[in-house]
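*Asks:* Listed below, chain by chain, are the residues.
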Amino acid sequence: MTTHSENVLEVCDLRTHFRTDDGIVKAVDGVSFSVKRGETLGIVGESGSGKSVTCLSAMQLVPRPPAFHPSGEIHFGDTNLLSLPEYEIEKLRGKRLAMIFQDPLTSLNPYLTIARQLTEVLEVHQGDTPTVARRTSIEMLERVGIPDAAERIDQHPHQFSGGMRQRVMIAMALLCGPEVLFADEPTTALDVTIQAQILELIKDLQTAIGTAVVLVTHDLGVVAGTTDRVAVMYAGKIVEEGTTAEVFANPQHPYTRGLLESMPRIDTPIQKSLYAIPGLPPDLGNLPTGCSFHPRCELATDQCRKTYPDRKTLSSTHRAACWEVEATE
Amino acid sequence: MNTPGKPDTPLLDVSDLAVQFRVPGRGGIFYRDSTDVKAVNGVSFSMARGETLGLVGESGCGKSTTGRAVLQLLRPTGGRVVFDDEPIHEFWKKKGQKWVWDHRLLDLRRRMQMIFQDPFASLNPRMTVETILSEPLRNFDVVQGAEQREKIQHLLMTVGMDPRCMRRYPHEFSGGQRQRIGIARALALGPDFIVADEPISALDVSIQAQIMNLLSELRENLGLTLLFIAHDLAAIRHVSDRIAVMYLGQIVELADAQTIVDRPQHPYTQALLSAVPIPDPTQEQSRRRTVLSGEMPSPIHPPSGCPFHTRCPLSEERCRSDVPRMRTIETGHQVACHLVE
Ligand SMILES: Nc1ncnc2c1ncn2[C@@H]1O[C@H](COP(=O)(O)OP(=O)(O)O)[C@@H](O)[C@H]1O
Ligand SMILES: Nc1ncnc2c1ncn2[C@@H]1O[C@H](COP(=O)(O)OP(=O)(O)O)[C@@H](O)[C@H]1O
Ligand code: SF4
Ligand SMILES: [Mg+2]
Ligand SMILES: [Mg+2]
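The listed protein sequences correspond, in order, to chains A and B. For the first sequence, counting from 1, position 217 maps to 217 in this note's numbering; every step adds exactly one. For the second sequence, counting from 1, position 243 maps to 243 in this note's numbering; every step adds exactly one.
Hints were generated in silico from the structure; no laboratory data involved. Take these hints with a grain of salt, some might be off.
To be clear about the criterion: a stretch of chain A counts as covered by chain B if any three or more of its residues have a C-beta under 8 angstroms from a C-beta of chain B, and this derived list gives those stretches [as the list claims (entries may be wrong)]: (1) 189-198; (2) 255-266; (3) 270-277; (4) 301-312.
If you anchor each label on the Cβ, the simulated ranges turn out as follows [to be verified]: (5) A:279 / B:96: 29 to 39 angstroms; (6) A:85 / B:303: 48 to 58 angstroms; (7) A:189 / B:36: 25 to 35 angstroms.
Yeah, the Cβ is synthetic: ideal placement off N, Cα and C, and Gly gets one too.
So here's chain A without its partners, still in its complex pose:
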């Protein structure tokens, strides 16, 4: 299989399962998506739906074992990331593929100065001299909005506030101008005013560098404001995907609709009570038969309880996996 020319990354039928004492946990179970250069794809879903494991699988950052991939290919350029040996993927990570996290201390070492951590990336991946690496690092810190970057570069991560640390992590991720950036809930721990700053920053840098961004979030508001396309995940599967405009204007899957309706929003009149999706997300080690959403779905029929639904095509870009959705094309 060859990559569609425009796509920088193509994930095909990815399955990431974990062997645990309680049996097999199907964290990601047949996920396919692609991203184009400069595009932002949102992955949205509740906690435990497999968003992080999807990104970590592409970066080969899930521990194998306990994880294994019963199926899947991740095309990046002319390679399949899932079959690359560790030393090969190490050359890509931090250079052509990067990831940022909710907690910056996942990627920043608390014991080393920012200078040490940033210059190392440039020295290893680009063979920069220490002087050049330091200059480039300071420039990058300035670009992400760190005041007094030339001095602060010699400080440690804990000397920065939460929002500033997030900026430092973004600077580190983008140092080598990666082709794909996985941003896993990068603003979830931040206040909204800081979230707005960080999202704007990611957008500006993305435009400048042409990076494709996979933005993981549980906030549909963030998806609406920052993504071109969106994939909605539920229990390890993508249940709906489309352009952001399509999915918001015409949500088809009952889960997507439920999520949208259950959000309190500031732009609509206050209703007496919010719509609440009943019940809880399923245990990924013990999924219900048929459609995983059926125990919480108001439209569920016997067919839903027995067989996983086909993906219905709603437009060339919009698809939903639900028996009750009418295909239109």
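With chain A's structure known, arrange chain B with the ligands on it following the hints.
*Replies:* Chain B with the ligands alone, transformed into the frame defined by chain A:
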């Protein structure tokens, strides 16, 4: 429920509330350079019986400290907290070096309760739900034996849980279920005033809606007066009658919930509102967004004048020197900003 006192007076009246913490300076606690942090600095508001007041603001602005000081879980260092006509900030006594509650405050515990973000963070994980819920009942000697079990079953049903879950342990429940149990615990003694401190912040969107609906229902059915603390303005607006916006230890704007969203007057409220994402791509594209520069300063080194002036797009000379007072600009709408007429 038990709402004695005169119905036309506010249930709670807070004036000029202040809480300072002593924090060690660079030299550690044994050095003399410790400083006082004004976590809450002159907060005033009152709450009518049955009302829900939302307290919103970014982390570190003093919301939790305000909630705890109102409940006297912390001794205020200044100001007054009058609950049902009683000055409860005076209900403390000195025991050696420490301040402790006197008997009046102990009695008030029945009427004033708190709901936390993670209700079990402070509880023994080896206690069953039954033990957790019976604790307040035992402490206040409310009911015993079979009656106690019945009471617990009733509490669990009130919060939408199967009473059979009594024998299970907190870790066996999802976040939303744990929050329901936390709410049941707060309701055990039949309070009429509750501070809910970020009760939905740790929950998933679909579960947040369930808990918000539960709180609204309880408030209606039990006549609760609720101080609802959150950093999510959309959620706060949904459950509150009025909203107080806090910044760096002070309330900067207070009005009814719809007014805060429709006609915010303080530049901080305006910025906060414009940063709240709207789940609608068309609106997100056309929105004018005020992206604030910088971050909220530390209360250890608060700026002079208006606490917001370091980030305010409109700040002028007097904002840097004079502290703006809270002024009423229309009935029920107060703002602390020099530029708001
Ligand atoms: N190392 C692991 N071992 C076992 N299960 C795991 C491991 N990592 C993740 N999982 C499981 O995978 C599922 C999906 O997790 P995750 O991708 O982190 O969800 P999300 O990011 O959507 O919140 C969860 O049920 C989680 O418990
Ligand atoms: N026990 C304490 N000792 C010292 N400082 C504290 C203490 N509790 C809170 N603070 C400080 O007071 C300020 C307000 O905190 P808090 O009320 O928790 O804010 P919020 O709930 O709005 O996030 C913060 O700067 C915080 O660091
Ligand atoms: S397939 Fe059935 S159960 Fe699943 S979402 Fe659609 S209607 Fe509901
Ligand atoms: Mg995650
Ligand atoms: Mg707090």
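*Asks:* The region 189-198 of chain A covered by chain B? Criterion: 3 or more residues, Cβ-Cβ distance below 8 angstroms.
*Replies:* Since 7 is at least three, the answer is holds.
*Asks:* Three residues minimum, CB to CB under 8 angstroms: does the region 270-277 of chain A make the cut for coverage by chain B? Let me know.
*Replies:* holds (count 7)
*Asks:* At the C-beta level, are residue 279 (chain A) and residue 96 (chain B) separated by a distance inside 29 to 39 angstroms?
*Replies:* violated, 52 angstroms
*Asks:* Are three or more residues of the region 301-312 of chain A within 8 angstroms, CB to CB, of chain B?
*Replies:* Violated, because only 0 residues of the region 301-312 of chain A bring their Cβ atoms closer than 8 angstroms to Cβ atoms of chain B.
*Asks:* Residue 189 (chain A) and residue 36 (chain B), beta-carbon distance inside 25 to 35 angstroms?
*Replies:* Since residue 189 (chain A) and residue 36 (chain B) have Cβ atoms about 28 angstroms apart, the given range 25 to 35 angstroms holds.
*Asks:* Counting residues of the region 255-266 of chain A with a beta carbon closer than 8 angstroms to any beta carbon of chain B, are there 3 or more?
*Replies:* As far as the region 255-266 of chain A goes, the hint holds, because 8 residues have Cβ atoms under 8 angstroms from chain B.
*Asks:* A range of 48 to 58 angstroms was offered for this pair. Does it hold for the Cβ distance of residue 85 (chain A) and residue 303 (chain B)?
*Replies:* With a Cβ separation near 55 angstroms, residue 85 (chain A) and residue 303 (chain B) satisfy 48 to 58 angstroms, so the hint holds.
In summary, the structure is inconsistent with hints 4, 5 from the numbered list given earlier, while agreeing with the others.
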